[in-house]
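Novice: Under our numbering, residue 788 is the last one in the sequence shown; the count climbs by one each step, no gaps.
Heads up, a few of these hints could be off.
What the hints assert, rightly or not - Pairs of lysine-lysine, BS3-like flavour, derived with a Cα cap of 27 angstroms:
#  : residue 1 : residue 2
1  : 744       : 669
2  : 656       : 667
3  : 640       : 660
4  : 748       : 656
5  : 768       : 744
6  : 660       : 768
7  : 768       : 667
8  : 640       : 728
9  : 667       : 728
10 : 727       : 660
11 : 748       : 728
12 : 669       : 640
13 : 728       : 768
To be verified - Computed beta-carbon distance windows for the label pairs:
#  : residue 1 : residue 2 : range
14 : 701       : 722       : 13 to 21 angstroms
15 : 707       : 654       : 23 to 31 angstroms
16 : 775       : 643       : 42 to 50 angstroms
17 : 638       : 753       : 18 to 26 angstroms
No wet-lab data here; the hints were simulated from the structure.
Glycine residues also receive a C-beta, built at the ideal position from the N, C-alpha and C atoms.
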Amino acid sequence: MTRTIYLIRHAEAAHKEPMQTDLQRVLTSTGKQDAKMAGAYLKNKGVTFDWLLCSAAIRTQTTAQLIASTMSIVPPEVVINPSIYHATENDLLAIVLNAPTNKKCIALVGHNPTISAFAKILTKSNIESFSPCTIAAFQFEIEKWADLRPQEGRLDFIHFPSIF
625 MTRTIYLIRH AEAAHKEPMQ TDLQRVLTST GKQDAKMAGA YLKNKGVTFD
675 WLLCSAAIRT QTTAQLIAST MSIVPPEVVI NPSIYHATEN DLLAIVLNAP
725 TNKKCIALVG HNPTISAFAK ILTKSNIESF SPCTIAAFQF EIEKWADLRP
775 QEGRLDFIHF PSIF
(Lines of atoms letter the chains of each structure in order from A and count residues from 1; the text may use other names and numbers.)
(Lines give C-alpha, C1' and ligand atoms only; values in the text may rest on other atoms or scores of the structure.)
Protein backbone atom coordinates (compact mmCIF):
# COMPACT_ATOMS: atom_id res chain seq x y z
CA MET A 1 0.00 0.00 0.00
CA THR A 2 1.32 3.44 -0.90
CA ARG A 3 1.45 6.06 1.83
CA THR A 4 2.49 9.64 1.17
CA ILE A 5 4.02 12.37 3.30
CA TYR A 6 3.84 15.97 2.13
CA LEU A 7 6.38 18.18 3.86
CA ILE A 8 5.66 21.90 3.62
CA ARG A 9 7.72 24.74 4.98
CA HIS A 10 5.50 27.60 6.11
CA ALA A 11 5.12 30.48 3.66
CA GLU A 12 7.05 33.76 3.96
CA ALA A 13 6.57 35.32 7.39
CA ALA A 14 6.89 38.90 8.55
CA HIS A 15 9.73 39.86 10.86
CA LYS A 16 8.95 39.77 14.55
CA GLU A 17 7.45 43.00 15.86
CA PRO A 18 8.40 44.45 19.26
CA MET A 19 6.46 42.71 22.05
CA GLN A 20 5.59 39.87 19.67
CA THR A 21 6.71 36.29 20.24
CA ASP A 22 8.09 34.18 17.42
CA LEU A 23 4.94 32.04 17.59
CA GLN A 24 2.85 35.14 16.78
CA ARG A 25 4.61 36.03 13.52
CA VAL A 26 2.16 36.30 10.62
CA LEU A 27 2.51 35.67 6.90
CA THR A 28 3.40 38.50 4.56
CA SER A 29 1.11 39.25 1.63
CA THR A 30 3.59 37.33 -0.56
CA GLY A 31 3.44 34.42 1.88
CA LYS A 32 -0.37 34.35 1.75
CA GLN A 33 -0.31 34.41 -2.04
CA ASP A 34 2.33 31.65 -2.17
CA ALA A 35 0.24 29.45 0.18
CA LYS A 36 -2.85 29.90 -2.01
CA MET A 37 -0.81 29.11 -5.12
CA ALA A 38 0.61 26.02 -3.38
CA GLY A 39 -2.93 24.87 -2.60
CA ALA A 40 -3.97 25.42 -6.22
CA TYR A 41 -0.92 23.49 -7.43
CA LEU A 42 -1.72 20.55 -5.15
CA LYS A 43 -5.39 20.61 -6.12
CA ASN A 44 -4.46 20.53 -9.82
CA LYS A 45 -2.25 17.48 -9.13
CA GLY A 46 -5.21 15.74 -7.48
CA VAL A 47 -3.57 15.69 -4.05
CA THR A 48 -5.67 15.10 -0.95
CA PHE A 49 -4.67 14.92 2.71
CA ASP A 50 -6.05 12.56 5.34
CA TRP A 51 -4.19 14.37 8.10
CA LEU A 52 -2.86 17.95 8.02
CA LEU A 53 -0.60 18.86 10.93
CA CYS A 54 1.23 22.06 11.79
CA SER A 55 3.02 23.66 14.70
CA ALA A 56 1.40 26.14 17.08
CA ALA A 57 3.01 29.07 15.22
CA ILE A 58 0.52 31.40 13.53
CA ARG A 59 2.54 31.28 10.28
CA THR A 60 2.27 27.48 9.98
CA GLN A 61 -1.42 27.51 10.90
CA THR A 62 -2.19 30.17 8.30
CA THR A 63 -0.13 28.37 5.65
CA ALA A 64 -1.97 25.11 6.37
CA GLN A 65 -5.41 26.77 6.37
CA LEU A 66 -4.79 28.65 3.11
CA ILE A 67 -3.50 25.53 1.37
CA ALA A 68 -6.42 23.41 2.64
CA SER A 69 -9.10 25.95 1.74
CA THR A 70 -7.63 26.48 -1.74
CA MET A 71 -7.60 22.70 -2.21
CA SER A 72 -11.30 22.73 -1.25
CA ILE A 73 -10.73 20.51 1.76
CA VAL A 74 -13.98 21.08 3.63
CA PRO A 75 -13.79 21.71 6.46
CA PRO A 76 -10.11 22.63 6.30
CA GLU A 77 -9.29 20.69 9.46
CA VAL A 78 -5.80 21.49 10.63
CA VAL A 79 -4.38 19.59 13.59
CA ILE A 80 -2.14 21.82 15.69
CA ASN A 81 0.69 19.87 17.28
CA PRO A 82 2.68 22.21 19.57
CA SER A 83 5.64 19.81 19.67
CA ILE A 84 6.36 20.48 15.97
CA TYR A 85 7.58 24.02 16.75
CA HIS A 86 10.76 22.95 18.58
CA ALA A 87 10.95 19.48 17.04
CA THR A 88 14.06 17.83 15.69
CA GLU A 89 13.91 15.71 12.56
CA ASN A 90 13.80 12.62 14.79
CA ASP A 91 10.81 14.10 16.65
CA LEU A 92 9.00 14.55 13.32
CA LEU A 93 9.85 10.97 12.42
CA ALA A 94 8.29 9.82 15.71
CA ILE A 95 5.10 11.78 14.94
CA VAL A 96 4.83 10.05 11.56
CA LEU A 97 5.66 6.60 12.94
CA ASN A 98 2.81 7.02 15.42
CA ALA A 99 0.30 8.34 12.88
CA PRO A 100 -3.07 6.57 12.76
CA THR A 101 -3.07 3.64 10.34
CA ASN A 102 -6.22 4.94 8.61
CA LYS A 103 -4.35 8.08 7.50
CA LYS A 104 -2.73 7.33 4.13
CA CYS A 105 -1.67 10.87 3.12
CA ILE A 106 -0.11 13.07 5.78
CA ALA A 107 0.80 16.72 5.31
CA LEU A 108 3.11 18.35 7.82
CA VAL A 109 3.64 22.13 7.82
CA GLY A 110 6.75 23.06 9.75
CA HIS A 111 9.88 25.15 10.09
CA ASN A 112 13.42 25.16 8.82
CA PRO A 113 15.97 23.81 9.41
CA THR A 114 13.99 20.85 10.77
CA ILE A 115 11.64 20.34 7.82
CA SER A 116 14.60 20.20 5.40
CA ALA A 117 16.54 17.86 7.69
CA PHE A 118 13.50 15.58 8.00
CA ALA A 119 13.19 15.45 4.20
CA LYS A 120 16.79 14.25 4.00
CA ILE A 121 15.99 11.45 6.46
CA LEU A 122 13.07 10.20 4.37
CA THR A 123 14.85 9.59 1.06
CA LYS A 124 18.17 8.91 -0.59
CA SER A 125 17.36 11.66 -3.12
CA ASN A 126 19.39 14.84 -2.89
CA ILE A 127 17.23 17.42 -1.09
CA GLU A 128 18.12 21.10 -0.90
CA SER A 129 17.12 23.37 1.96
CA PHE A 130 13.45 24.34 1.77
CA SER A 131 12.70 27.97 0.96
CA PRO A 132 9.41 29.33 2.35
CA CYS A 133 6.37 27.44 1.01
CA THR A 134 8.40 24.62 -0.53
CA ILE A 135 6.48 21.35 -0.81
CA ALA A 136 8.02 17.89 -1.12
CA ALA A 137 6.09 14.63 -1.47
CA PHE A 138 7.52 11.28 -0.42
CA GLN A 139 5.92 7.90 -1.10
CA PHE A 140 6.41 4.72 0.89
CA GLU A 141 5.27 1.19 0.11
CA ILE A 142 4.26 0.25 3.65
CA GLU A 143 1.19 -1.21 5.36
CA LYS A 144 1.27 1.11 8.35
CA TRP A 145 3.24 4.20 9.33
CA ALA A 146 5.10 2.28 12.02
CA ASP A 147 6.76 0.30 9.17
CA LEU A 148 8.40 3.43 7.70
CA ARG A 149 12.18 3.23 7.51
CA PRO A 150 14.48 6.20 6.89
CA GLN A 151 15.94 6.54 3.40
CA GLU A 152 13.28 4.26 1.88
CA GLY A 153 10.96 7.00 0.66
CA ARG A 154 10.64 7.81 -3.02
CA LEU A 155 10.69 11.52 -3.77
CA ASP A 156 7.55 12.03 -5.85
CA PHE A 157 8.04 15.76 -6.38
CA ILE A 158 9.49 18.90 -4.86
CA HIS A 159 8.24 22.35 -5.75
CA PHE A 160 9.42 25.77 -4.76
CA PRO A 161 7.14 28.86 -4.73
CA SER A 162 8.80 30.34 -7.82
CA ILE A 163 7.65 27.27 -9.79
CA PHE A 164 3.98 27.80 -8.89
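Novice: Hints first: check each against the structure and report whether it holds.
Specialist: Hints versus structure:
1. A threshold of 27 angstroms between alpha carbons decides the hint, and for residue 744 with residue 669 the separation of about 23 angstroms falls inside it, so the pair holds.
2. Proposed proximity of residue 656 and residue 667 is supported: the alpha carbons are some 17 angstroms apart, at most 27 angstroms.
3. Between residue 640 and residue 660, the direct Cα distance comes to roughly 23 angstroms. Compliance with the 27 angstroms bound is thereby established for this hinted pair.
4. Restraint check for residue 748 and residue 656: not satisfied, since their Cα atoms lie roughly 32 angstroms apart, outside the 27 angstroms limit.
5. Restraint check for residue 768 and residue 744: satisfied, since their Cα atoms lie roughly 21 angstroms apart, inside the 27 angstroms limit.
6. Restraint check for residue 660 and residue 768: not satisfied, since their Cα atoms lie roughly 31 angstroms apart, outside the 27 angstroms limit.
7. At most 27 angstroms may separate the alpha-carbon atoms for a hinted pair to count; residue 768 and residue 667 meet this at roughly 25 angstroms.
8. Between residue 640 and residue 728 the CA atoms are separated by roughly 36 angstroms; this puts the pair beyond 27 angstroms, and the hint is violated.
9. With a CA separation close to 17 angstroms, the supplied pair residue 667 and residue 728 stays within the 27 angstroms bound.
10. Between the alpha carbons of residue 727 and residue 660 the distance comes to roughly 24 angstroms, so the proposed pair stays at or under 27 angstroms and holds.
11. Straight-line distance between C-alpha atoms of residue 748 and residue 728 comes to about 21 angstroms, which keeps the hinted pair within the 27 angstroms bound.
12. For the given pair, residue 669 sits about 34 angstroms from residue 640 by alpha-carbon distance, which is inconsistent with the 27 angstroms threshold.
13. At roughly 9 angstroms between alpha-carbon atoms, residue 728 and residue 768 fall within 27 angstroms of each other, so this suggested pair holds.
14. Taking 13 to 21 angstroms as the suggested C-beta distance range, the pair residue 701 and residue 722 conforms, at roughly 19 angstroms.
15. For the hinted restraint 23 to 31 angstroms between residue 707 and residue 654, the CB-CB distance of approximately 28 angstroms keeps it satisfied.
16. Between residue 775 and residue 643 the beta carbon distance is about 44 angstroms. The supplied range of 42 to 50 angstroms therefore holds.
17. Residue 638 and residue 753 have their C-beta atoms about 21 angstroms apart, which keeps the hinted 18 to 26 angstroms range intact.
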